[in-house]
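Asks: Going down the list, the sequences are from chains D and H.
To convert, count from 1 in the first sequence and add 317; that's our numbering.
To convert, count from 1 in the second sequence and add 317; that's our numbering.
Hints may contain errors.
Any copy will do: because identical chains look the same in the list, a pair fits if it lies in one copy or spans two.
[Said to hold, decoys possible] Below, computed lysine-lysine pairings styled on DSS-like, alpha-carbon distance capped at 30 Å: (1) K417 to K532; (2) K717 to K684; (3) K572 to K341; (4) K409 to K717; (5) K674 to K423; (6) K717 to K674; (7) K664 to K378; (8) K689 to K381; (9) K378 to K671.
For the record, the hints were derived by calculation from the structure and aren't laboratory data.
Computed from a prediction, not measured in an experiment: that's the story for all the values here.
There are 2 protein chains.
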Amino acid sequence: MKIIDGGVTAPKGFLAAGTEAFIKYEHRPDMAMLYSQEPCIVAGTFTSNVVKAAPVIWDMKIVKENGMARAAVVNTGIANAGTGKEGMDICKAEAEHAAKVLGISKEEVLVGSTGVIGEQLDIDRLKAGISALASKLSDDREAARQASVAIMTTDTLNKEVAVTVEIGGKTVTVGGMSKGSGMIHPNMCTMLGYITTDINIDRGLLQKALSTDVKDTFNMITVDGDTSTNDTLLIFANGLAGNEKIVSEDEDYRKFCEALHYVNETLAKKMAGDGEGATKLVEVQVLGATTKENARILARSVAGSNLTKAAMYGNDSNFGRILCALGYSGVSFDPDRVDISYEAGGKRIEIFSKGVKADYDEAEATKLLDNKEVRIVADMHEGEQSAFAWGCDLTYDYVKINADYRS
Amino acid sequence: MKIIDGGVTAPKGFLAAGTEAFIKYEHRPDMAMLYSQEPCIVAGTFTSNVVKAAPVIWDMKIVKENGMARAAVVNTGIANAGTGKEGMDICKAEAEHAAKVLGISKEEVLVGSTGVIGEQLDIDRLKAGISALASKLSDDREAARQASVAIMTTDTLNKEVAVTVEIGGKTVTVGGMSKGSGMIHPNMCTMLGYITTDINIDRGLLQKALSTDVKDTFNMITVDGDTSTNDTLLIFANGLAGNEKIVSEDEDYRKFCEALHYVNETLAKKMAGDGEGATKLVEVQVLGATTKENARILARSVAGSNLTKAAMYGNDSNFGRILCALGYSGVSFDPDRVDISYEAGGKRIEIFSKGVKADYDEAEATKLLDNKEVRIVADMHEGEQSAFAWGCDLTYDYVKINADYRS
Chain D
318 MKIIDGGVTA
328 PKGFLAAGTE
338 AFIKYEHRPD
348 MAMLYSQEPC
358 IVAGTFTSNV
368 VKAAPVIWDM
378 KIVKENGMAR
388 AAVVNTGIAN
398 AGTGKEGMDI
408 CKAEAEHAAK
418 VLGISKEEVL
428 VGSTGVIGEQ
438 LDIDRLKAGI
448 SALASKLSDD
458 REAARQASVA
468 IMTTDTLNKE
478 VAVTVEIGGK
488 TVTVGGMSKG
498 SGMIHPNMCT
508 MLGYITTDIN
518 IDRGLLQKAL
528 STDVKDTFNM
538 ITVDGDTSTN
548 DTLLIFANGL
558 AGNEKIVSED
568 EDYRKFCEAL
578 HYVNETLAKK
588 MAGDGEGATK
598 LVEVQVLGAT
608 TKENARILAR
618 SVAGSNLTKA
628 AMYGNDSNFG
638 RILCALGYSG
648 VSFDPDRVDI
658 SYEAGGKRIE
668 IFSKGVKADY
678 DEAEATKLLD
688 NKEVRIVADM
698 HEGEQSAFAW
708 GCDLTYDYVK
718 INADYRS
Chain H
318 MKIIDGGVTA
328 PKGFLAAGTE
338 AFIKYEHRPD
348 MAMLYSQEPC
358 IVAGTFTSNV
368 VKAAPVIWDM
378 KIVKENGMAR
388 AAVVNTGIAN
398 AGTGKEGMDI
408 CKAEAEHAAK
418 VLGISKEEVL
428 VGSTGVIGEQ
438 LDIDRLKAGI
448 SALASKLSDD
458 REAARQASVA
468 IMTTDTLNKE
478 VAVTVEIGGK
488 TVTVGGMSKG
498 SGMIHPNMCT
508 MLGYITTDIN
518 IDRGLLQKAL
528 STDVKDTFNM
538 ITVDGDTSTN
548 DTLLIFANGL
558 AGNEKIVSED
568 EDYRKFCEAL
578 HYVNETLAKK
588 MAGDGEGATK
598 LVEVQVLGAT
608 TKENARILAR
618 SVAGSNLTKA
628 AMYGNDSNFG
638 RILCALGYSG
648 VSFDPDRVDI
658 SYEAGGKRIE
668 IFSKGVKADY
678 DEAEATKLLD
688 NKEVRIVADM
698 HEGEQSAFAW
708 GCDLTYDYVK
718 INADYRS
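All chains should be built: construct the whole structure from the sequences, respecting the hints.
Replies: Below is the structure:
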């Protein structure tokens, strides 16, 4: 596997664009389009929130019933959630207009929205945006970047990644883009994510690869514990790499899964590190859990703890909060076996050992925590399973951003 | 039932005291004692956190095995959690010293701690504090106040309440004190709470009354979603009111439960409203749920949502976050039936009606939210059950307090 500079246009046959459509705010790109020159199979995972945004309902139907698509249209500013029948009508009109300008059918158009809940989208602005996007579509590097910028909301950085992998003598490429950065919580984490690939693969296996990998990547990040109404992760595969079609869980499938995992994990970590108001990425590694699921639950509990997150912001080595978050996770364990340490900047400090405070220097711990990336390692000494979760610190800016998000 | 000015010394035969014992910080009272002139039956509820502080383990054993006690000793500053065997030895030494100075047995002494996790208590300071407290014990109003002040940590207000109720021709009194205000989350909410009463009642019924009521009071408050290692709620009943012993769930039992509910709910609301950094109490009422438990889950999900709490701080009528929090609670419902409104200062504004935004004035909503107490009402229109939950807003000060709690 090779990491390359690129995004959603890196795989063969994919075009993208971003534009300013004045959906809600001015002077910022707020619509993106993704288009494949060839029909694609698609797979997706969606929010577990009972309240599903209209575009989520639209996309779920297409992914489940057809499993084929060629384009995606995304807007920011307004989430098209809590919008009733009118919201569903907007999705349909959006898809119809995109289908018309792209010369495909409306059932091949996936739609996505993120932003304020409860407000209605203006279909005329959406249509103007779609027409502009269609005329700007390009397969170059810059087009992918523009699309990834146009889907940002409170994100401070655009999020892209691309890798290549040799499969059956052919070069297969996987590219992706995503946005955070509030309402971020596992299950399906709060986000929009678009992955493109030119691999030739069976649709059922594509969905399986995505659903399996999400458990250890996007569903392991948390910013604020709020699971959004709009979470959507889609993968498009157009087959243009020309590899022999993958139809079983063989070595080729395994190679593809590895590439997909790198793409997903990279985007997930970028989202966690760019959580609203965050100053650092906090990686939590749980070792020695009895089951994989227990390891995930423990890791997420620590990554999601407001008190731990606030301590990380203050570079305060308050390991009690980590221990406490492990304890209320719902997983049973013996506190007297637990070891906890911090890792950052190539250094490691053990702060808690076999149920009691370890002998460490507070000033050194504070210095170590003052890094842009900090890893908390908790070894439960109960079994052999491990997991990673990713979060960020809780800062004044998180409160500031969210105390008056809509203004 | 009559609400009276008082605290834990309001019922007959209860003495209290608070003192400065230099446990961790200077110039603040940090130890409290509660003492009954007569033996008491006791009942309690404790943290559900797997990591239980040493005093929680000590108290659970006494409440479960003996069900009798006469004194409680509490310190702040250090939580005596994550302290291993040494922490348990401290509890024993504490109880032994209190027993000696009070002339009772160590099995009649309950101990409580709150503060930093992982540090060891200094037994000499504890002993000096206990001796000082024993000499200051008094049954007057001021002694109760001093005890309630001495158990405060980041609380900005002490929390007391007392009521009387006529049972079988006798006046029964119930008094209480509690402290918050971080690591506050249902199940058993993070807190220390001490209730005293002179009622004459069967021990099993006392425990049942407490355990039942906690579900709708202390377990319905949330400040930050972090369930502490030290949560303890204890009730002492010494029988001095002289009522005929309550031995069944009769009318007398019902009257007592009502008084206890008022005491618990009052303390719980005071804790939520005084959450770390909070500027307002946020009461969430869920109506029309299919089951009582579903109503509780929905109400807690809204009260615990970081995004909703940040919006409350900014007086931002961002109902989408409320809808979103209902949606990810785990309870299934039809979003198109949901109504949401705000109530404060005697006014009411409907903001969401049958799945879409209601026609309301943003400026009026902002004005209404700018109150010290705000109620969010969500009517699910699915059934007949309802519940309250209490929380607070998420502010800069919460982050400030917790980014460097230990310094």
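Asks: Now, for every hint given, state plainly whether the structure supports it.
Replies: We went through each hint and held it up to the structure:
In the homo-oligomer, the alpha carbons of K417 and K532 never lie at most 30 Å apart, since the shortest distance is 37 Å inside one protomer and 57 Å across protomers. For the identical chains of this complex, K717 and K684 are neighbours both inside a copy (27 Å) and across copies (19 Å), given an alpha-carbon limit of 30 Å. In this assembly of identical chains, the alpha carbons of K572 and K341 never lie at most 30 Å apart, being 42 Å within a copy and 56 Å across copies at closest. For the homomeric pair K409 and K717, neither the shortest alpha-carbon distance inside one copy (36 Å) nor that between copies (47 Å) is at most 30 Å.
In this assembly of identical chains, K674 and K423 lie within 30 Å of each other by CA distance solely across copies; the values are 28 Å between and 61 Å within a copy. Within a single copy, K717 and K674 get their C-alpha atoms only as close as 35 Å, which misses the 30 Å cut-off; across copies the closest is 25 Å, which meets it. Taking the shortest Cα distances, K664 and K378 never come within 30 Å of each other, neither inside one copy (49 Å) nor across copies (42 Å). With identical chains, the CA atoms of K689 and K381 are never at most 30 Å apart, being 40 Å at best within one copy and 48 Å at best between copies.
Taking the shortest alpha-carbon separations for K378 and K671, only the inter-copy value of 24 Å comes in at or below 30 Å, while the best intra-copy value is 51 Å.
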